[in-house]
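Participant: Protein sequence lines, in the order shown, are assigned to chains A and B.
Numbered per the numbering used here, the first sequence spans residues 82 to 602.
Numbered per the numbering used here, the second sequence spans residues 139 to 424.
Worth double-checking, as some hints may not be accurate.
Here are the computed lysine-lysine pairs in the BS3-like style, where the Cα-Cα straight-line distance is at most 30 Å [claimed, not checked]: (1) K369/A - K217/B; (2) K374/A - K220/B; (3) K374/A - K123/A; (4) K451/A - K220/B; (5) K217/B - K276/A.
Examples of chain B residues toward chain A, derived with CB under 10 Å [as the list claims (entries may be wrong)]: (6) I286; (7) E343; (8) R347.
No lab work stands behind these hints: they were computed from the structure.
Cβ atoms here follow ideal geometry from the backbone N, Cα and C, with glycine treated the same way.
Next come the chains, spelled out residue by residue.
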Amino acid sequence: MRIDDRRAISREYFSRERLAEHHFRSFNAFLDRGMQEVVDEKATIETDIGDKEGEEPVYVELGDVRVVTPRVREADGSEELLYPQEARLRNITYAAPVFMEMRIIKGGEEEEEHVVDQTETKIGRMPIMVGSNKCNISGFTENELIDIGEDPADPGGYFCVNGSERVLMTSEDLAPNKILAEYDTKYGDEIQVAKTFSQRRGYRALVLCERTRNGILEVSFPSVSGSINFVTLVRALGLESDEEIVHRVSDDPEIVKFMLENLEAAEVQTTEEAIETLGKRVASGQGKNYQLKRANYVIDRYLLPHLHEDGVDEEEVRINKAYYLCRMAEACFELALGRRESDDKDHYANKRLKVSGDLMKDLFRTALNKLARDVKYQLERANMRNRQLSVSTVVRSDVLTERLEHPIATGNWVGGRSGVSQLVDRTDYMGVLSHLRRLRSPLSRSQPHFEARDLHATQWGRICPSETPEGPNCGLVKNFAQAMELSQNIEDEQELKHELASMGVSGIPGIESIEQTPADD
Amino acid sequence: MATSTQSCPECDGRLREGESETVCGECGLVVAEETIDHGPEWRSFADDETEKERTGAPLTRSRHDRGLTTEIGRSTRLKGRKRRRFARLRRQHNRSRIKSKAERNRVYAFGEIRRLVSALDLTDHVRDQSCILFESAQSEDLLRGRSIEGFTAAVVYATCRTTSVSRTLDEVVEAARASESELTAAYDALNRDLGLPTGPIDPAEYLPRFASRLDLPQAVERRADTLVDAARERGLISGRDPSGVAAGCLYLAARELECDLTQAQAAETAGVTPVTLRSTYQDLQE
Chain A
82 MRIDDRRAIS
92 REYFSRERLA
102 EHHFRSFNAF
112 LDRGMQEVVD
122 EKATIETDIG
132 DKEGEEPVYV
142 ELGDVRVVTP
152 RVREADGSEE
162 LLYPQEARLR
172 NITYAAPVFM
182 EMRIIKGGEE
192 EEEHVVDQTE
202 TKIGRMPIMV
212 GSNKCNISGF
222 TENELIDIGE
232 DPADPGGYFC
242 VNGSERVLMT
252 SEDLAPNKIL
262 AEYDTKYGDE
272 IQVAKTFSQR
282 RGYRALVLCE
292 RTRNGILEVS
302 FPSVSGSINF
312 VTLVRALGLE
322 SDEEIVHRVS
332 DDPEIVKFML
342 ENLEAAEVQT
352 TEEAIETLGK
362 RVASGQGKNY
372 QLKRANYVID
382 RYLLPHLHED
392 GVDEEEVRIN
402 KAYYLCRMAE
412 ACFELALGRR
422 ESDDKDHYAN
432 KRLKVSGDLM
442 KDLFRTALNK
452 LARDVKYQLE
462 RANMRNRQLS
472 VSTVVRSDVL
482 TERLEHPIAT
492 GNWVGGRSGV
502 SQLVDRTDYM
512 GVLSHLRRLR
522 SPLSRSQPHF
532 EARDLHATQW
542 GRICPSETPE
552 GPNCGLVKNF
562 AQAMELSQNI
572 EDEQELKHEL
582 ASMGVSGIPG
592 IESIEQTPAD
602 D
Chain B
139 MATSTQSCPE
149 CDGRLREGES
159 ETVCGECGLV
169 VAEETIDHGP
179 EWRSFADDET
189 EKERTGAPLT
199 RSRHDRGLTT
209 EIGRSTRLKG
219 RKRRRFARLR
229 RQHNRSRIKS
239 KAERNRVYAF
249 GEIRRLVSAL
259 DLTDHVRDQS
269 CILFESAQSE
279 DLLRGRSIEG
289 FTAAVVYATC
299 RTTSVSRTLD
309 EVVEAARASE
319 SELTAAYDAL
329 NRDLGLPTGP
339 IDPAEYLPRF
349 ASRLDLPQAV
359 ERRADTLVDA
369 ARERGLISGR
379 DPSGVAAGCL
389 YLAARELECD
399 LTQAQAAETA
409 GVTPVTLRST
419 YQDLQE
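Please put together the full structure from these sequences, using the hints given.
Facilitator: And the structure:
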């Protein structure tokens with residue numbers, strides 16, 4: 082490529098839209114879909130009204146959520162459009178009102194369910210990224226920008242809270258829902274472990290499958306202390322016969338040998354027995370019925386939550402969980418036999434970036450939960466004092482606003498992470514550009530982590546090989562390469578699965594695979 | 139060094155208060171030393187000009203305990219007997235937080251005031267003032283036989299009026315859990331027994347809100363403001379509903395500046411009838 086061609090490409094990459102584009106795309110996706118997804122996950126707010134005798138139960142149904150563009154509410158009560166420059170100068174927050182459809186529904190016990198009140202009400206204010214789709218300056222020409230006091234060269238991509246510009250630091254996390262096989266040591270012996278960070282709707286659970294020194298597989302997951310025998314768990318999930326378990330793990334003769342050892346040492350033979358054994362572990366000393374209930378709850382709730390999906394029945398999910406555990410077992414054995422290397426955590430294929438939209442989604446989820454708790458409290462209070470229940474008098478809009486603004490203003494994110502939002506580096510123009518394209522590894526900077534700090538071959542073309550700070554943060558804070566493209570998660574997983582099924586992938590849960598006729602037919 | 143009002147016991151000279159001691163300015167006698175500094179030790183590294191907080195939230199009048207709540211937290215490290223003990227302690231602590239019926243009422247009322255203030259988009263200052271007003275109403279024993287909801291709505295309405303950010307009764311009632319009669323009963327009691335420093339509402343206070351709700355340009359709002367002034371000079375304001383006057387002035391201003399606005403729209407926003415609006419409008423035109 083000729084040098085001036087390269088220069089032309091570089092110039093394109095450094096044009097206004099491209100520099101903070103990952104921030105815009107991520108935040109716009111959050112505004113367009115993410116917020117509604119979070120609301121749909123929540124769906125209803127249950128109350129304790131109706132626990133008393135002769136009282137009808139009440140709950141709230143959450144509907145469509147809508148964000149307008151940033152506005153400022155003056156003390157005299159008037160509301161006006163807000164531009165970023167005004168927010169900066171007046172030390173106010175560049176935030177847009179959020180509205181949500183809510184219905185209070187009463188009944189279900191004696192009388193029929195009926196809607197008491199239904200309105201779209203303001204639930205709070207969402208800080209808006211400067212330059213995003215909901216920003217008041219989006220689509221402005223250069224002269225219009227100058228007229229409202231905005232710098233046309235400003236890349237945007239940050240928030241404006243209490244007048245200070247805050248950028249959300251992209252963070253680099255280990256990819257969720259992937260099996261990672263690696264070596265570990267336990268009591269001085271080397272063991273093989275397959276790990277999965279299973280993630281669904283903000284809930285994250287680490288599932289471990291270990292092959293101990295005597296060759297027995299054990300699984301551990303949240304809510305169960307210690308570990309559970311692999312065969313017991315798989316049987317509890319409905320994979321019962323010896324043959325099927327072995328077949329699902331592998332057809333490799335050596336692995337089959339390992340599996341037979343495991344099956345011989347098995348504590349239980351049937352699904353019922355397995356669930357009983359599990360029940361003794363999760364609720365020891367409780368009644369038999371409660372133990373069974375608890376065991377079923379635990380495997381449906383805490384074990385591999387990412388395999389749950391809307392429109393797939395529990396039965397099928399359970400068997401899929403069993404299959405997934407078999408894959409983890411296979412990874413353990415393969416590692417033990419030296420058929421594969423341990424997975425490289427620093428490989429960029431095993432990394433995912435959390436950009437501003439993902440971070441805002443986490444924040445909005447907890448803020449909405451807080452709001453829901455407040456609505457519940459207000460409803461119960463209003464009901465106790467025999468007041469008319471209405472949507473507008475039970476929603477306190479400052480609850481959500483406070484929960485959204487405070488983390489951005491201080492950088493103390495949900496889940497105990499700190500330093501997530503930083504003051505935009507305005508030392509010079511290049512400083513801003515570099516700051517918007519920076520990413521941070523959540524690893525502690527006080528520990529050595531030599532491998533994590535090293536330049537990895539897979540960072541080629543993605544991460545700048547030379548721009549990293551000196552000192553404790555060296556190699557943990559990185560910067561995007563100039564021509565890096567950040568791909569986004571797909572909007573609709575169902576659509577992708579249908580596409581895969583039509584191409585001949587069979588066994589996808591919830592989708593009837595299409596019968597493929599052999600080519601020679 | 140500040141000079142104190144007291145004088146030196148030896149020579150009657152002026153005393154000077156320093157960092158840690160009080161010294162006579164004339165003879166150098168140390169009158170007091172190692173005094174306790176009751177002031178806050180400002181310690182904010184971020185921007186100490188605007189945020190002068192050391193740690194924790196500042197004291198606020200909008201909480202029954204001034205925001206100095208102590209909570210017994212939870213820990214996953216506690217197990218068994220100790221955990222149960224802390225659960226009991228927490229429960230007892232929560233019970234002992236509220237001492238009397240009056241305090242319980244205050245907790246509920248302050249929560250309600252906070253909700254109202256957030257629903258009406260008012261400032262924190264209004265919130266604090268409302269809470270103070272509620273407390274004084276409570277100490278004057280005005281609440282007996284009247285509803286707390288009515289009183290919370292009334293104190294917010296009253297504070298808005300005294301701090302010149304008036305809201306109409308309708309606006310407050312809409313956000314409140316009280317009916318209009320409850321509100322007026324409470325407001326009358328407040329006004330009678332506490333002597334609120336409220337005068338007649340200036341219609342100009344309503345203008346910006348109505349104008350933004352009607353989506354009128356700034357020019358119309360400014361013109362309406364001068365019209366209100368003109369009406370005041372001609373004595374058209376006294377004895378009239380201020381929201382009616384505000385709506386009338388806005389309507390006239392919109393007409394003069396050829397802006398689309400019907401009488402019905404303006405009247406509806408202000409919560410008055412078009413007849414009320416017209417009376418101001420016609421008088422102003424003369």
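Participant: Confirm or reject each hint.
Facilitator: Verification of the supplied hints:
1. K369/A - K217/B: Roughly 24 Å between the alpha carbons, so the hint for K369/A and K217/B holds.
2. K374/A - K220/B: Given that 30 Å is the threshold and the Cα spacing comes to 28 Å, the pair holds.
3. K374/A - K123/A: holds, 24 Å
4. K451/A - K220/B: holds, 29 Å
5. K217/B - K276/A: Holds, at about 29 Å.
6. I286: holds, 8 Å
7. E343: Holds, about 7 Å.
8. R347: holds, 4 Å
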